[in-house]
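S.K.: Below are the chains, spelled out letter by letter.
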Amino acid sequence: MDGQTGAKGGADALGALLQATAGGDRQAFARLYDQTAPQLFGMALGILKRRDWAEEALQDAYTRIWRSAHRYDAAKGTGISWVVTIARNTALSTLMRRPRDEFAGNADDMAQMPSGDYDPMQRAMQLSDARQISGCLEELDGDQKRSILLIYYEGLTQKEVADRLSKPIGTVKSWVRRGLIRLKGCLDSASA
Amino acid sequence: MRALDAETRSQLAAEYALGTLRGPARSRVERLLETDGTLRAEVDAWNARLAPLAGAVKPVEPPARVWLAVERVIAPPRPVPAPVAVPPTRRPGLWQSLGFWRGFGLATAGLAAALVAVMVWPSPAPLPFQPTHVAILADEAKQPVLLVRADAALAEVSVEPLRRGPAPAGKSYELWLLRANNQPPLSIGLVQGTATQLIALDRFAAESVRSATGAAISLEPQGGSPSGAPTGPVLFVGGIVTAQN
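Residue numbers (my numbering), protein chains in the order written: chain C, 1169 to 1360; chain G, 86 to 330.
Chain G extracted, bound-state conformation (with noise of 0.2 Å):
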C-alpha cells in the first residue's frame, strides 16, 4: 500500500474522526491505523478536539439488562474444565506424522469432530476460555496449517499456526468466517502466524460464529484487505464445528 501525502493522511484523518466515511472507505483507514503511526496520531488529536460535542448530547439512562450483559462479559473467567479423556491413540505425537494428516483435507464435520478432543485439551497453554467452535486450517496440500477456536460466549477467537510462518514481506493474512446463505464472507482479522494469537470479536462476528459454516485465510496487502471483502487469493479454509454441548 503506498504511503500517504500529508495532507490525503490529514483529510483521512478528520473525516474518520467525524464519522463519515463508512463501509470499504472506513475499512481502509482502520487498517491503515494499524501500521501508520502518524494516521494514527492525527485520528488521536481529532478525537479529542471533536469529544467536547458529546456534551451536549441528551443523556438517555439505559435499560438494566445492557449493565448485565456487560457484567457477564467481564466476569472472572471460569476455571478451564479438567481436560476430557484423550483416546490412548490419539496422541500429540500424531502432529508430527505425516501419514496421519494425508488426506486430511477440508476438515469435514465428522472427522473434525472426532478430532475435538484432540485438538483442544493437550493445548500448552491453558487459554481462559472455553471453544464452542473448532476449525482446522489446511492448505492446498491438504496440510493442516491453523487452529482456530472461538468461544463464542466470550466472542474471542484463538489462532494457532500448526506450521508455516508469517506471511511474506509486504503482505498479510487476514482470517474470514465463512457464512452460510452466500453472505458474505466477514473480516475477523489480521494472523501473524508465528504464535498464538487471541483475537476479540465484536457481538455480531461472535453471533456469527454459530451459524458460520467454515473459516478461511487469504493473502491480502500488508494491513489488510482495502475492500472489506477477501482479495487475495485464499490460502488456507477449513469446516467450522461445534466444539462441545
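With the rest of the complex left out, here is chain C (with noise of 0.2 Å):
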C-alpha cells in the first residue's frame, strides 16, 4: 500500500500534519492546504469543469478535512490518499448537484479547463512516484483503461463514458468490472 504520490522523504509528512490537524493545530492545517491544494483544485476542475465549482468544492473539502481529521486512520492509508478520497468524494457530491447540462452556456469556464495540452490518462502512465499503478494499468486492455481513467479523473458515470466511447452501455459496464477486477489483483498481488 506504500508508493503513493506526496508522501515525500519516505516518511508520510502529509499523515503528519493530519494528525496535528485532528489535535486542533490551525498552523499544521494551513501547511496541509498550502502542500495540497493544487492537486486538489486540478482534481475537482477536471471532475466538474467549471472553476466556480471547483472552488466550492475545494472550500468544502478542506472545511471537511479539518472537521474530521481526527478520523484519519495512518493504519489504512496515506495522508494523500485520504485527503484526495475526500476532496474526490466532495467534487462528485457538488457534480451529483449540478446537472451536467448547466455546463451549457460556459464556454469560459471550459475554456480554463486544464486539459488539452495535458492529458492526466497519458500521465497516469508515467507516474514515477506510484510504478505500481502505471505498471498495473498497463496490464488492462486499452478500453478497460480507457473507461476506469475516464471516471476518475473526469467523474464520468458508465453511461456518459458508453456516450463518449460511442459504445453500448453494457459494453463499458463489463469492461469497468473487469478493469477494477483486474487492477485489484495486480495491485494486491504487487504489495503482497
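Simulated from the structure, these hints should not be mistaken for laboratory data.
Bear in mind that the values here come from a model prediction, so they are computed numbers and not experimental data.
Ideal placement from N, C-alpha and C gives every residue a C-beta, glycine not left out.
Every clue listed holds true.
Not everything, but these chain G residues come out facing chain C in the computed CB check (under 7 Å):
#1 Ala99
#2 Leu103
#3 Thr105
#4 Ala133
#5 Ala136
#6 Ala139
#7 Pro144
#8 Glu146
#9 Ala154
#10 Val158
#11 Asp287
#12 Arg288
#13 Phe289
Please assemble the complex out of the two chains, which come individually in their own frames, going by the hints.
M.R.: Structure below.
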C-alpha cells in the first residue's frame, strides 16, 4: 500500500500534518493546505469543469478535512490518499447537485480547463512515484483502462463513458467491472 | 436492509471508490457505509489503491479566496453571547407543562419566534455555535419532539430530543430540510433521538437552511432512505424561523 504520491522523504509527512490538524493545530492545517490544494484543485477542475464549482468543492473539501481529521487512520492509508479521497467525494457530491447540462453556455469556464495540452490519462501511465499503479494499468485492455481513467479523472458515469466512446452501456459496464477486478489483483499481488 | 453478498459488496466498493455511482446508488452506498464495516474496509482499500492516480493531475493554484473562506470556517469559536433576557413567565419549567404545549402544533413563524429566547438560551450545554435558524418538530398529537437549531454560517445543525427515544429497532430517523418551490427535501442526516447531536452541513445544505420552509423527520429503513428521498412516514415536522438578526 506504499508508493503514494506526496509522501515525500519516506515518512508520511502529510499524515503527520493531518494528525496535528486533528489536535486543532491551525498552522499544521495551513501547511497541509499549501502542500495539497493545487493538486486537489486540479482534480476538482477535471471532474467539475467549472472554476466556480471547483472552488466551492475545494472549500468544502478542506472544511471537511479540518472537521474530520481525527478520523484519519494511518493504518488504512497515507495522508495524501485520505485527502484525495475527501476531495474526490466532495467534487462528486457537488457534481450530483449540479447536472452536467448546466455546462451549456459556459464556454469561458470550459476554456479554463486544464485539459488539452495536458492529459492526465497519459501521465497516469508514467507516474514515477506510483510505478505500481502505472504498471498495473498497463496490464489492462485499452478499453478497460480508458473507461476506468475517464471515470476517475473526469467523474463520468458509465453511461457518460458509453456516450463518449460510442459504445453500448453494457459493454462499458463489463469493461469497468473486469478492469477493476484485474487492477485489484495486480495491485494486491504487487504489494503482497 | 438485506446484507450484501461478498461479490456485490466488493463490486459496490470498487465502483463507489472509483466514482462511477451517482444519485440514489451513491447515496445508498454512503448509508451502507455507516453500518457495514466490511464494506467500509473494502472502500478504504480501494481508495488507497486508486489515490496514486491523483499524482497525474496537473496542479492548479487555487485563488486566495478559497483559503480565506476555509480560514473563516476554522476560526476559533466565537464566544457565546450572553443570554438574552428571558421573560419571567417563560421559564424552563414550562417544558414540563402539558397545557403549555397543548395545541401548539406546527410551529408557526410567529409562535416559534416568540419562543426562540426560551428555546435557545437556557440550553444546559452551551454549544460553540450561534443558531441562525430554529425549528421545533412536533408529532401528530402536536407534542414537541425535537429542537433543531442551525448555524448557517458555521454549517452545523444541532438536534436536541425533547421527548421520545431512539427509532424502533431496524429503523432510522432521518432529518430533512423542507425547501420552497417544490424542491425535493434535502437529507441532513440520521438522528439518534437519544442525545443532543451535532451534524455538519456541506455548503449547499448550509445555504439551503437560509431559504428552507421547515424541517421534518421521516422513519426510514436502518441506515436511512435508500433512495435519497423520504420513503417512510413523516413523523415529526415543524416550520423554520430565523433565530436572530
